[in-house]
Amino acid sequence: MLRFKSRAGCEWDLVPRAAEWKVREPKKSTNSQTTGLTVGKQIQSLDSPLESFVICGQGVCSFFQTPKHRDKDKGENMSAGRGRSGGKDKCRLHMVTWNVASAEPPEDITSLLQLDVQPPADLFVIGLQEVNATPVRFISDMLVEDSWSHVFMDTLAPRDFVKVTSIRMQGLLLLVFAKQIHLPFIRKIQTNYIRTGIFGYWGNKGGVSVRFSFYGHMVCFLNCHLAAHMNYALERVDEFEYILESQDFDISDTPNVLDHKVVFCLGDLNFRIADHGLHFIRSSINSGRLNLLWTKDQLTMMKKKEPFLQEFEEGPLNFKPTYKFDRNSDTYDTSGKKRKPAWTDRILWRIKPKTLPSEDDDDEKASTSTDDGLDDYPLLVTQDKYTSDMSYGVSDHKPVIATFSLELRKCFDIPLVHISPVGVWSADQDAHLTYTVQEDFMSSTWDWIGLYKVGFKSASDYETFVWVRENDLPEINEVIQISVDKDEIPLLGGQYLLGYFSTNMQSILGLSANFQILESKRAVMEGLVPENVNGVNK
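Under the working numbering, residues 2 to 539 are what the sequence shown spells out, in order.
It should be emphasised that the hints constitute simulated quantities derived from the structure, not laboratory data.
Honestly, I wouldn't trust all of these hints.
[Said to hold, decoys possible] Keeping only pairs whose Cα atoms sit at most 27 Å apart, straight-line, the calculated DSS-like set for lysine-lysine is:
#, residue 1, residue 2
1, K321, K338
2, K305, K353
3, K355, K306
4, K338, K297
5, K180, K339
6, K304, K386
7, K306, K353
8, K339, K487
9, K386, K305
10, K355, K89
11, K91, K386
12, K353, K386
13, K353, K338
14, K91, K353
15, K386, K89
16, K297, K180
17, K339, K297
18, K355, K91
19, K180, K91
20, K306, K89
21, K297, K321
22, K355, K304
23, K522, K487
24, K386, K321
25, K305, K321
26, K304, K321
27, K353, K304
28, K339, K321
29, K305, K355
30, K180, K386
Kindly produce the complete structure, drawing on both the sequences and the hints.
Pasting the structure below:
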């Protein structure tokens, strides 16, 4: 066991993650997803491919996604040799961090997501802190999606965005959404968490993370909530470093957060404005002279002292401090405490540094990167906007928004699995589909194919599903046909698509084109009418 000693004199035990799972069954995959409970035993549900639940030491059950094999896995590494793209593509990333202070979500989050801005985003990453985590509410949120996840999914799904994954640890919630067209190229998804509250035993503070491969580029998003109060700047730095060092993943080439090509860190980092008094800070804000406060921002000051912080970049703080406000107003704290305004809510990013040349290296190799092929497939990150949205008042914090352009050369642009419906589909007869594995990957007979309504919200938002072929795993380019029972096909018909879900990669590896399911004779006879939910017929 290793110990981590902080600058402030505190110590934590660096316990390997496997040591926490004392009741858990032995791992069956090197690509697993972690859950936010300390002790648990996983049980797979055969009725739903995404539903498993954990029985923890406190007797609380939580549903979460976990891979499990029905048969021997095939293949070890994703092949990127085929379908490589020659030119560069630009993707837009929209990020939000918001300490919601246990509030319920507002009815309209359109301006928060800037949905009317052109060009539109390709990825949305939302990091929330202090989501309502009272015991009763937290247990209910583990059984069904929390209200904040619902409002984001309901808003984004009609615009063709799908929730890729999420992770929650008490009040910390991290959500990732992607345009549907990108789903087959978001692979090797894993999540993790680390607690720092009460000496690492409580999850009111800490970090949750999501990592995945985006067109072959390894990216990681980290949502943090660090220690509060003015005098705890050193503790905040310690906690941030501890989170970065402690979170690990079951991926050989990127086992740690800082191994990823790009890391985005967002959250309530809780850094304050030092030295200046309340009157001077408010006067500087009211007069628009924010630059007078920059040098006393604790994070800015700490970056000058801490080498690991210097690797992170941040845009200029050209927006008003986002803490602390009276709720439902633009007025800074008028309570008896009269907290000094501060830029507590931040969004940072880090590009993986290139390796330093050794004495034996030639001058020509001095710029060689740590990642094989990084120079052939670079990832350029440009921040386009860094601001806050003062129109939201449900919390004592204002949300912070950052948008980025990701200029990249795709390592591949062919889905791992091709899937398509066969013939006419209706609930009057059994239907058929075919799928073909186009490149080798860690396939499993626990993989499944979902039938999705156009405008679906997440991989679990299927109408029905079928397991892939059970007896043996497919060969490359082998065409496999599967039947779908007519009783599982929607009676009313409509626009649908098929998706191949990999339990090992925890992602959809192939999507069919949209196709029409015809209205069944029974639906016509009974006069059934589709229900309209969020602009989508259900």
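Results for each hint:
1. At roughly 20 Å between alpha-carbon atoms, K321 and K338 fall within 27 Å of each other, so this suggested pair holds.
2. The hinted pair formed by K305 and K353 meets the criterion: a straight-line CA distance of about 19 Å does not exceed 27 Å.
3. Distance restraint check for K355 and K306: the Cα-Cα separation of roughly 22 Å lies within the 27 Å cut-off, and the hinted pair is therefore satisfied.
4. Distance hint between K338 and K297 is fulfilled; the C-alpha atoms sit about 21 Å from each other, no more than 27 Å.
5. Distance hint between K180 and K339 is unfulfilled; the C-alpha atoms sit about 43 Å from each other, more than 27 Å.
6. Pair hint K304 plus K386 holds up; C-alpha atoms about 22 Å apart against a cutoff of 27 Å.
7. About 20 Å separates the Cα atoms of K306 and K353, which keeps this hinted pair within 27 Å; it holds.
8. With a CA separation close to 64 Å, the supplied pair K339 and K487 exceeds the 27 Å bound.
9. The hinted pair formed by K386 and K305 meets the criterion: a straight-line CA distance of about 24 Å does not exceed 27 Å.
10. Distance hint between K355 and K89 is fulfilled; the C-alpha atoms sit about 21 Å from each other, no more than 27 Å.
11. In summary, the hint linking K91 to K386 is supported, as the alpha carbons are separated by about 16 Å, within the 27 Å threshold.
12. Under the criterion of a C-alpha separation no larger than 27 Å, the hint pairing K353 with K386 is consistent with the structure, at around 22 Å.
13. With a CA separation close to 42 Å, the supplied pair K353 and K338 exceeds the 27 Å bound.
14. About 19 Å separates the Cα atoms of K91 and K353, which keeps this hinted pair within 27 Å; it holds.
15. Among the hinted pairs, K386 with K89 is consistent with the structure: their alpha-carbon atoms are about 22 Å apart, no more than 27 Å.
16. At most 27 Å may separate the alpha-carbon atoms for a hinted pair to count; K297 and K180 exceed this at roughly 40 Å.
17. A distance of roughly 19 Å separates the Cα atoms of K339 and K297; the hinted pair therefore holds under the 27 Å criterion.
18. Distance check on the hinted pair: K355 and K91 sit about 22 Å apart at the alpha-carbon level, within 27 Å; holds.
19. For the proposed pair K180 and K91, the alpha carbon gap of about 14 Å is at most 27 Å, so the pair holds.
20. Proposed proximity of K306 and K89 is contradicted: the alpha carbons are some 37 Å apart, above 27 Å.
21. Under the criterion of a C-alpha separation no larger than 27 Å, the hint pairing K297 with K321 is consistent with the structure, at around 15 Å.
22. Simply put, K355 and K304 have alpha-carbon atoms about 20 Å apart, close enough for the 27 Å limit, and the pair holds.
23. Restraint check for K522 and K487: satisfied, since their Cα atoms lie roughly 12 Å apart, inside the 27 Å limit.
24. Only pairs whose Cα atoms come within 27 Å are accepted, and K386 paired with K321 is accepted, the gap being roughly 14 Å.
25. Taking the CA atoms of K305 and K321, the gap is near 23 Å; set against the 27 Å cutoff, the hint holds.
26. This hinted pair checks out: K304 and K321 have alpha carbons roughly 21 Å apart, not beyond 27 Å.
27. Taken as a hint, the K353 and K304 pair is honoured in the structure, with Cα atoms around 17 Å apart against an allowance of 27 Å.
28. Of the pairs offered as hints, the one joining K339 and K321 holds, with about 17 Å between alpha carbons and a cut-off of 27 Å not exceeded.
29. Under the criterion of a C-alpha separation no larger than 27 Å, the hint pairing K305 with K355 is consistent with the structure, at around 21 Å.
30. For the hint pairing K180 with K386, the CA-to-CA distance comes to about 20 Å; that is within 27 Å, so the pair holds.
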